[in-house]
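J.: In case you want the letters, here they are:
Protein chains: 2
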Amino acid sequence: MSTLRSIPAARPTSGAPGASPRSANGPLGVFDSGLGGLTVVRALRAALPHEDIVYLGDTARVPYGTKGPATVTRYAMTCANHLVARGVKAIVIACNTVSAVAPERLRVELDLPVIGVIDPGARAAAEATRTFKVGVLATAGTIASGAYPRALSACSTRIETYGQAAPLLVPLAEEGWTRGEVPRLAARRYLEPLARAGVDVVVLGCTHYPLLLDVIESEAKALLGNHVRMIDSARAVAREVAAFLENRSLLRDAARGEGSVKLLVTDLPKSFDATASRFLGSNPEGAEQVDL
Amino acid sequence: MSTLRSIPAARPTSGAPGASPRSANGPLGVFDSGLGGLTVVRALRAALPHEDIVYLGDTARVPYGTKGPATVTRYAMTCANHLVARGVKAIVIACNTVSAVAPERLRVELDLPVIGVIDPGARAAAEATRTFKVGVLATAGTIASGAYPRALSACSTRIETYGQAAPLLVPLAEEGWTRGEVPRLAARRYLEPLARAGVDVVVLGCTHYPLLLDVIESEAKALLGNHVRMIDSARAVAREVAAFLENRSLLRDAARGEGSVKLLVTDLPKSFDATASRFLGSNPEGAEQVDL
Chain U
337 MSTLRSIPAA
347 RPTSGAPGAS
357 PRSANGPLGV
367 FDSGLGGLTV
377 VRALRAALPH
387 EDIVYLGDTA
397 RVPYGTKGPA
407 TVTRYAMTCA
417 NHLVARGVKA
427 IVIACNTVSA
437 VAPERLRVEL
447 DLPVIGVIDP
457 GARAAAEATR
467 TFKVGVLATA
477 GTIASGAYPR
487 ALSACSTRIE
497 TYGQAAPLLV
507 PLAEEGWTRG
517 EVPRLAARRY
527 LEPLARAGVD
537 VVVLGCTHYP
547 LLLDVIESEA
557 KALLGNHVRM
567 IDSARAVARE
577 VAAFLENRSL
587 LRDAARGEGS
597 VKLLVTDLPK
607 SFDATASRFL
617 GSNPEGAEQV
627 DL
Chain H
337 MSTLRSIPAA
347 RPTSGAPGAS
357 PRSANGPLGV
367 FDSGLGGLTV
377 VRALRAALPH
387 EDIVYLGDTA
397 RVPYGTKGPA
407 TVTRYAMTCA
417 NHLVARGVKA
427 IVIACNTVSA
437 VAPERLRVEL
447 DLPVIGVIDP
457 GARAAAEATR
467 TFKVGVLATA
477 GTIASGAYPR
487 ALSACSTRIE
497 TYGQAAPLLV
507 PLAEEGWTRG
517 EVPRLAARRY
527 LEPLARAGVD
537 VVVLGCTHYP
547 LLLDVIESEA
557 KALLGNHVRM
567 IDSARAVARE
577 VAAFLENRSL
587 LRDAARGEGS
597 VKLLVTDLPK
607 SFDATASRFL
617 GSNPEGAEQV
627 DL
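Those sequence lines, one after another, are chains U and H.
With our numbering, letter number 30 in the first sequence gets 366, and the count goes up by one each step, no holes.
With our numbering, letter number 292 in the second sequence gets 628, and the count goes up by one each step, no holes.
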């Protein structure tokens, strides 16, 4: 797979002082601009229960979506270097903005497997579509970046991508307002243009949206028919990471028991526990604040 | 009023090359991090139809709410200096974030009348409350800044302020989704804690919210009773600016006819015309892109 690079045999990690040698028993590193990426951690834990995970949320500098590519790349590099220094064996970019602009740069500079959140979702959508019309719900920034049409075209030139910015879904997910009329009507509003376009697959192109999967899926079925397929990009990433670790014999030894999750944040917002547990699906253990 | 400084008689404007001398017939300068501040322009035009207005939206660097005070102050100073260079007679900060951190600094450095958006709304609320319990709806950033409790305490130490972050209201206003069940239920959700606290005044503490005034007011009456008073801070600012210009004999000559609105932006987003006309209440004339 073009997005996953192999680990070179004995070359030390450059630019990562104090990094312990990468091994199958080392943790997976995951980072995001904020806490939304915890939905990717949740999916990784479901797919890979024995893996240790270190998650870094750059909560002091959230959101990345409004910043330029050079700044986003610089921030992403700082996050990734911090994870490398903690001895991670691979890095998952649980952030659409970073995945749109910086994964190649990270791969080159870090010399470590780097998996973004856009390509796996696009591949899963390309495999699922029968009409070759794929809808993408995402933030205005991700839609404007054109990252999904690019990634889907790379899978098949026959695919037409219909992007729909869905600005209400992030605050709905953050507030935990995931049932009832408001999320239902919001989902309907954003799905209607996709229904008119005749898509048969809808990609949830934002790490916040898995919290709204039930309501989005049920509205999608009502509008587009029961055959519509939802692609949760968090799960698509987790599946690719699982396959990758297995292929490279990099799975953590299951005899060591269930993996742990370590949360790092650059700022500890007041509502951290409530928001984190919403995205993670379980109570986070004490987060550590780090200075990048 | 402590927030309005007089214009010194004959002192040239420092740091503003090319500034024409300020006179009653010069324009009002208004700036915001984005386009939400156009609701303040709309209120200013209703209160002061003969004034020329130059509006600067720093759309390239929006939002300010997630940035630190030093950065916000630096950006605000750049915006204000640009307006000074265009010969404005006074500056209205149509941005809650800047109004919370930077107005004093702007007043000192610019030697020009500077009117923020928080104090006039707080004063209007303090005059309107009978229970001395005031509710404030605003973004999470404005609520966390504590600017409203500070401004309201400065008006009367008896006042208790109940702040409620209302994250859905900005995307609802930006999308123009201002009628029907979704905005009604969102307004209800945010007003319920204020109703439990027994407030009799609700401040709309974000420049986006005037677009939702009807639905917020009708829900507020249903929950809090018909006596509840809504304070639209855009209108409160416009009233104070009108009184200030009149008191200082700085009103533009009415014989010159209706005033004009000049829009400046630092980035021209795709949906600029639709969004701008929504906030301004009329079609904007061609915006000019400036480099700060």
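Hints may contain errors.
No distinction is drawn between identical chains; accordingly, a pair holds when it is met within one copy or between any pair of copies.
[To be verified] Heads up, simulated DSS-like pairs for lysine-lysine below, C-alpha to C-alpha not over 30 Å straight-line:
hint, residue 1, residue 2
1, LYS606, LYS469
2, LYS469, LYS557
3, LYS557, LYS403
4, LYS403, LYS598
5, LYS557, LYS598
6, LYS598, LYS469
7, LYS606, LYS403
No lab work stands behind these hints: they were computed from the structure.
Remember, predicted model here, so these are calculated numbers, not experimental data.
J.: Take the hints in turn and mark each one as holding or not.
T.: Okay, the hints, checked on the actual structure:
In the homo-oligomer, the alpha carbons of LYS606 and LYS469 lie at most 30 Å apart only across protomers (24 Å), although the nearest pairing inside one protomer, at 42 Å, exceeds that limit. In this assembly of identical chains, LYS469 and LYS557 lie within 30 Å of each other by CA distance solely inside one copy; the values are 16 Å within and 47 Å between copies. Proximity of LYS557 to LYS403 under the C-alpha cut-off of 30 Å is found in neither arrangement, the shortest distances being 35 Å within a copy and 40 Å between copies. For a Cα distance limit of 30 Å, the shortest separation of LYS403 from LYS598 qualifies both inside one copy, at 27 Å, and across copies, at 27 Å.
Taking the shortest Cα distances, LYS557 and LYS598 never come within 30 Å of each other, neither inside one copy (37 Å) nor across copies (47 Å). In this assembly of identical chains, LYS598 and LYS469 lie within 30 Å of each other by CA distance neither inside one copy nor across copies; the values are 39 Å within and 43 Å between. With identical chains, the CA atoms of LYS606 and LYS403 are at most 30 Å apart both within one copy (24 Å) and between copies (17 Å).
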